[in-house]
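J.: Model the placement of chain B on the given structure of chain A, informed by the hints.
2 protein chains.
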Amino acid sequence: MDQIKEKRRSLDRIFDPASIAIVGASDSFDKVGGRVLASLIHNGFKGAIYPVNPSRTVLRGLPAYPDLEALPQAPDLAILAIPAKQVRGQIEQACRIGAGSVIIFTSGFAELDVEGAREQAVLTELARKHDVRLVGPNCLGIMNGMNGMIASSTVTMRERVLPAGRLAFVSQSGALATFWLMDILNRGLGVSKWVSTGNEADVDLSEVVEYLVEDPDTDVISLYVEGVRDGPRLRAAFARAAELRKPIVILKSGRSAAGAEAAASHTGALAGEDAVYSALFTQYGVCQVDSIREMIDVSRVLLTQKPSAGRRACIISLSGGAGALMTDQACRHGYEVPHISDALEAKLRPIIPSYVQVRNPIDLTDRIIIDIEMYRRSLELVMASGEYDAIFTFMAGRTPTLVAEARAASLELFPRWDGAYANVWQATVPDLPAELNAAGVLVFDEIPEAVRAVARTRDLAEVWANPPSPAIPPLGPNDESTLLSEQASKRLLVRRAALEVPEGILLAAGERAADCVTFAGPYAVKLQSPALPHKSEHGAIEIGIDTTAEVQVIADRMFAMAAATGLPVEGVLVEAMEKIEFEFLVGIRHDPVLGAFLTLGRGGVEVDVDPDVVQAFLPLTPDNIAAMMRRLRCWRLLDGFRGRPPAPIEELARAIARLGDLILENPEFAEVEINPLAVCRSGRVVVIDAAVRVNTAVMAAEAAARPDGQRAMRYEGAA
Amino acid sequence: MDQIKEKRRSLDRIFDPASIAIVGASDSFDKVGGRVLASLIHNGFKGAIYPVNPSRTVLRGLPAYPDLEALPQAPDLAILAIPAKQVRGQIEQACRIGAGSVIIFTSGFAELDVEGAREQAVLTELARKHDVRLVGPNCLGIMNGMNGMIASSTVTMRERVLPAGRLAFVSQSGALATFWLMDILNRGLGVSKWVSTGNEADVDLSEVVEYLVEDPDTDVISLYVEGVRDGPRLRAAFARAAELRKPIVILKSGRSAAGAEAAASHTGALAGEDAVYSALFTQYGVCQVDSIREMIDVSRVLLTQKPSAGRRACIISLSGGAGALMTDQACRHGYEVPHISDALEAKLRPIIPSYVQVRNPIDLTDRIIIDIEMYRRSLELVMASGEYDAIFTFMAGRTPTLVAEARAASLELFPRWDGAYANVWQATVPDLPAELNAAGVLVFDEIPEAVRAVARTRDLAEVWANPPSPAIPPLGPNDESTLLSEQASKRLLVRRAALEVPEGILLAAGERAADCVTFAGPYAVKLQSPALPHKSEHGAIEIGIDTTAEVQVIADRMFAMAAATGLPVEGVLVEAMEKIEFEFLVGIRHDPVLGAFLTLGRGGVEVDVDPDVVQAFLPLTPDNIAAMMRRLRCWRLLDGFRGRPPAPIEELARAIARLGDLILENPEFAEVEINPLAVCRSGRVVVIDAAVRVNTAVMAAEAAARPDGQRAMRYEGAA
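Respectively, the protein sequence lines represent chains A and B.
Under our numbering, the first residue of the first sequence is numbered 1, with each subsequent residue one higher.
Under our numbering, the first residue of the second sequence is numbered 720, with each subsequent residue one higher.
FYI, nobody ran anything at the bench for these hints, they're computed from the structure.
With a Cα cut of at most 27 Å, we get these calculated DSSO-like pairs of lysine-lysine:
| id | chain 1 | residue 1 | chain 2 | residue 2 |
| --- | --- | --- | --- | --- |
| 1 | A | Lys306 | A | Lys246 |
| 2 | B | Lys1254 | A | Lys579 |
| 3 | B | Lys1298 | A | Lys535 |
| 4 | B | Lys1298 | A | Lys579 |
| 5 | A | Lys46 | A | Lys31 |
| 6 | B | Lys750 | B | Lys804 |
| 7 | B | Lys1025 | B | Lys965 |
| 8 | A | Lys85 | A | Lys129 |
| 9 | B | Lys1298 | B | Lys1254 |
Small disclaimer: the values here were computed from a predicted structure and weren't measured.
Isolated chain A, as found in the complex (with noise of 0.2 Å):
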């Protein structure tokens, strides 16, 4: 039973259906019911095509039927054409009959009012009540290139067939799926599954790239994103597609706070920060793009070529000045334009001409237009070399001797090349890039797109021989939480997490400094009020501090202002201060919907000045931490700059992972801050600063297993 109810929400019956009912059926393309029809027809499907229509019993030469509950047997899947008010009572039918899923183009639910979006919910829960997968509303439905299954209330199809092709497409937004068919069919690619999710009451984004993971037919998985409502399962998905090493390129809006309104606007979904998801992004190896167009220039590196992680480029141009701007823009975007050998040197030096040296970029010229040969054998030469893992070209020339030998020089060699590479023509005949394209030999015509198109994909290599954890944690608390004050949050990280801590006390008012202070200053004095997050901004910190008759007319002068404005006082901090070699921001938090990930960046002001810090989502180990540092802009500051010992980036690594442990098993923990996390001259890591967040069940516990705030309560700075 449970594999057949298994099998049953699986997405087969929506992509591959034996049967489908189309409610709202008409022999009119200009109305949604006759488009799908007439989309099935002229595309060939070959399952059983149900129209339902009560007013008609022909539609282009099929039976029609009054209704679903009338059809010969259940639909795998029922279209539903029709308006807002009888989507309620053809669901019930649906459910009825047992059919195996529904798409529902009509709108005016969850995007348009509060009425909507509790219809919507009737609607999902009756679904699900019994096992039938509902696609939309307010979406343009799904096609499938494979078979023909064209249910979708798009107007593009119009007396189109859609060409069969490796490459699948995702949409939030229907304009956007439409906008990336009209492009894909104007360049001549073909689509493996093209998906608009539209308001997602039951089938959404997540679900939809899970399956499309698996999907034999998909070979690369296109991806435009508003919101996510599922993040655990989209990372899932991201991860077994890294393990599977099948690329996904990634369209996502709302990068900026602005934009992300706008978003959040238009589907009711919640769109993250954007840093988030590019860390996101980064960490699974999903390829970011900012436009239609772009998101089609890389899913086609990336259905021609094998991700490359290496970055020595050779550059072949016929004009040294489009090579110097593709040397340019190939360093832009991280690949080096390495010397050519002497052994290469010797080989291609019969070729090239006599007056240009040869080098990288290799300046073909324009002599290229009467000695056609030198391409082929340059490009032979180069590829053959070795030296490079990367080819870049600038070609143009119209003359028919030329265009005929670069045509087929680069149908022979390409498909032959292991590397990543990209073509430029220009001033060409319009025929010969179309021609190379659609034989999968990429042509763009310009430079700074080649290369970056290119480079988009260079990172997934990297991320595929090392893929990310496939173990996603639970969503973690999103319940009401308390910010503690340092002193609390830093007992609890030395008592959870075995982190180290200076040496200090922590006096009440009216205790004597120099009798509770037993150790050497110089000392930090601290006010301490979980009311104070920013200490420095209220006179509350003082550092540097050589003696406890100073430290007592601070204490006491915080004392005093505490009292003076009301605040509340757990009491004044005093610490032993360390010499500090490095400093370190430690940050965990939970997004509500991709789960717990890791702030890692340079500690102290940098956090507010000039930020520069690196994210990832938990679990990771210490291998991925120490990773995470080597990609902080600082990273030679760490790695023994100028003769300083190097930071210990191992045990730091060590540490951090604990932290993320802890805070992945212990729901109590709702965020940490750690600023800065110090590496001392003395070796020891640190907490020299902390603000940790908890679910505010736990922190009433905190309150009552310790004396009261009133009374003077010892510190002691090692675990």
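T.: This is chain B only, laid out in the frame that chain A set:
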């Protein structure tokens, strides 16, 4: 006489000649000399045309002449379409008859080899002696869209008429000049002047830019640059363009180290560092682009819009997804997308469909297809509101009513709108973008390209409002120079620029620290040797030393180390350490092509680890320098961060401006680097470490003026 000379030297006789001789003329377009002749006639050039060809009497209906000396008058312009070996003889003839100018297409000169460079130098000398201007050699020549003066060897002009326009292009690459021209012709744009400068034996890019800045036919100047020969002249032209508010767009190759090498080999010109050129362009409001396509996009913006510094963008879209993407791009390029006012919202509400909120981005929804007036009415209201500086629209659709209405509204509204804008149209009839663009209403086909092209022009308004100094100082010294030690550098800065240094003394070997060091610690102890620029890597610096006894131990060890390694030593500098609030890097260098420039940034290790610097060319006022400081990423830190006192920006700016003036006026300074220039807690602005490079002659004088290096030398901190 001088006036006549001046007139003859000007480029008028090249761009607007009364008479042109074509040496090597032919009636075949497949020959270079034939192309020029055919193009001049086909483009309706009104001046006299003298074909020169000893074996013909008539060419294309014009009388042909055996040589230049047979012409009825000295031509304003002689075009040489002849083999390299014949060039010198023809130049000699041109000089003899008093021709105004010569264009040499022929290659095989400086770009080929040393011999070619020598021959080219002979031609230059010859021409200069006779006041004959030379363009080329190894160039594609010159075109003037205003008078049919097509003096170019490009095949692109075959049977084409160059349309007149307000856009000029100067290129140091013939190939890129061709690609630009083809793109311009394909887009139906017009041209004022088109120049391929080739080897720049005489007329160089800087002179052409200078000419175009004053050219009444040119509104926008676009440049492809590999290397600059006459930096001060180019800077003066840029300054004049800023004064005249004539925009310049530049594509500079050699931006990467590898790219610079490729460009240098191409033209033989020295390409400067990318950062220095970018600083120059930023300072003078020159728009930098990455490709020919982007150059033309930005030129189109500048031809049709007055640059607007405002950042408040309104986005109007028929798709929520596209609106969100457009918002992201606007924010990425420095725009704000602020909320619509209540007043504007009230006006828009009746227009916008009731099921979407009125907000920015304005979502017209796909209802626009039937409610076509929405586009015009929302545009009118936004334009009239005064709430926005820029408008970005995203539209799509092919229905004839929508297309007609959008065309009419666009043609009516955008030419009257004073702000910045760009329209993106996708999935529409091809005529619509073409017609709008032809009418000067900008349409792009993708979002990032549209927003970026407009954003690139935004900074111009700010530069024009406060143009850079028109006083371009002469190029500085490039003689042999010597690096001074820290103490010698500091002495020079104290004496000459009235900068302050910490209290300190220079100990000689054998001197007793306890006797000499009369000021309080803690101390910095630093071995002084001109051979040790990086003291920290050689144990030649110790800081935070508390007693003179410890100073003695350290100084003894340093002297011993120096003696053991044979290091030349000036002494050990002992300085009082002050508490430092802010650290800056201040560097002034002479770029050999562009002149002296200031580098200003965060000081200390940041310079090596994660540079945060800005650069600008001298002269600079204290106001200019304060504005540079505000552009640092760390500006927040300087501006009263977290209740700290702000950095004394005015005082710093005055000190740095003084240093800049000193270096401009005194050629003995080759380079100054102060790192850090510190603001101490005491409020003093102090040179903590410095390295001055002086011309070797001055260094000798300096050495003569002081006691010999072995003896102790008093080092006075205060000036």
